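*Asks:* Protein chains in written order, with UniProt numbering: chain B, 1 to 289; chain U, 1 to 274.
In case anyone wonders, no lab produced these hints; they're calculated from the structure. Source: prediction; values computed, not measured. It cannot be assumed that every hint is accurate.
Unchecked claim - Some but not every residue of chain U turned toward chain B, in silico, with C-beta under 7 Å:
#, residue
1, F25
2, I32
3, G40
4, S230
5, W258
To be verified - Here are some of the chain B residues that sit facing chain U, going by a computed Cβ distance under 10 Å:
#, residue
6, R11
7, F142
8, L144
9, V147
Backbone N, C-alpha and C define an ideal beta-carbon position, used for all residues, glycine too.
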Amino acid sequence: MATRQTASIARLMRLPAIVVLFIWMIVPLAMTVYFSFRYYNLLNPAAGGWAGFENYQYFLTDPAFWQAIRNTLAIVLGVLAISVVGGIGVALLIDQPIFGQGLVRILVISPFFVMPPVAALVWKNMILHPGYGVAADIAKFFGLQPVDWFASYPLFSIILIVAWQWLPFAALILLTSLQSLDGEQKEAAEMDGASAFSRFRYLTLPHMSRAITIVILIETIFLLGVYAEILVTTNGGPGYASTNLPFLIYRAALLNQDVGGAAAGGVVAVIIANIVAIFLMRAVGKNLD
Amino acid sequence: MARAVKTSTRVSYTIAAWVVALLIFFPILYTIITSLKTEGEAIAGFNLIPSFSLESYREVQNQQNYIKPFTNSVVLAVGSTVLGLLIGIPAAWAMAFSPTKRTKDVLMWMLSTKMMPAAAVLVPIYLIFLRLGIMDSRIGMTVLLMLINLPIIVWMLYTYFREIPGEILEAARMDGANLWGEIWHVLTPMAVPGIASTLLLNIILAWNESFWTIRLTTTNAAPLTAFIASFSSPQGLFWAKLSAASVMAIAPILIMGWFSQKQLVRGLTFGAVK
């Protein structure tokens, strides 16, 4: 229906966004690919020239690499599981006729406003600290030995912090979706004698599927790049126990000053992110129209 | 809602919801309380009643002037969001009202640029910033944050604009409105809620972005994320002081979020609700 004139104006309007994003994607990526085939170490400026696949070989055969992949997946899947399941629970609860719903909603959404380094510092020192944290106070109250969470369960502790930040986001999107569910349908199901569980299973859950897909998509985008929470709490340790892929690359680049190696890691990370992206986009694309 | 709910049911749901909400909010609450304690109280075990001492805030301010990172956070968050809207609104408008066969692919591609791990391109961006002479500058960080959030901006706006019925535009066209008239008089009033929530969400995302802001700034352009990260070093770490610094870093965005949460929540759907 659009006339030729509006079509060409529309193209003009799309162009700036597409062009800047294309440059933003292609220039750093091309440079990363280039560096990944070069000897380039800031600690050893004399070394230079083409490295072939040596950087890749070095990065991929590093035992820390597979551990970082496992940790990355554990963070993404762990946080998704906690925030989606917990988010459904919280959303169902807030959706009930409760007193002070507005205030409850404000309290629940709050962690989403907290910047990652603050979230990490608060959990590290206020909550999980083995000497002065609330968790230690509770343990002592029950006569138990306080746990040094970041030393004993580093990855779990990080998943906990990140899940705390993202559960509110999931809960609120799911709540909005719940509130758009037709009340009459619910009542009809109730009158027909459907149990609470089957109402949830066959009515509420299918209704929320679209919202759940979107929560998964958006959270995955951010969870693949978890960084500040690790930097502030465990710094990737002990050993590589809580190092994810971004953090491993950061270590190579800034701590070892190995630009070539970090670039090879970067290319690997981009490839993995794209594999994840293709799967996700397929799933979302199916669910979005 | 004609359904009568038994008061006892309502009360038990209310209690359950408040317990959950307070549990989720507890880390923030406890940080605020601890920031009002003296250092001695802060490590004296669990205690919810502080002595309302402002000493820690004073000490944080003495150690590191708060005004500068605060100003930087405001400039970067607002600047990158406004810039993103200037580029994003026309793009989303065109995609929603003059879609082509490839519109959906373009949207998905835009979103996929967000999947690129930041750490993977840290060195190239670092070198580009050095070459352009924009290292540790507000302008460089503003543009960078805009690029990071642009896909989200376009997507959110697109899902909003798509809800605006096309017939309204047709009618305006029949009445002889030109393109700008169309946007200004017809679209803007309908799109304002969508633009407002996009603006809010992106200010929050930009305010809290913690990879680039920590890695690419030192003093001039360092926002509150860098300010707080500097408190993570173990030496001289005190509980009350750390809490005060944390509260200072999150208070502005928390308060903004609380006041605008209705608007924001409406925008947090990303087209999840049809």
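*Asks:* Against each hint, give a clear statement of whether it holds in the structure.
*Replies:* Quick rundown of the hints versus the structure:
{"no.": "1", "hint": "F25", "result": "holds (4 Å)"}
{"no.": "2", "hint": "I32", "result": "violated (10 Å)"}
{"no.": "3", "hint": "G40", "result": "violated (12 Å)"}
{"no.": "4", "hint": "S230", "result": "violated (9 Å)"}
{"no.": "5", "hint": "W258", "result": "holds (5 Å)"}
{"no.": "6", "hint": "R11", "result": "holds (7 Å)"}
{"no.": "7", "hint": "F142", "result": "violated (13 Å)"}
{"no.": "8", "hint": "L144", "result": "violated (15 Å)"}
{"no.": "9", "hint": "V147", "result": "violated (16 Å)"}
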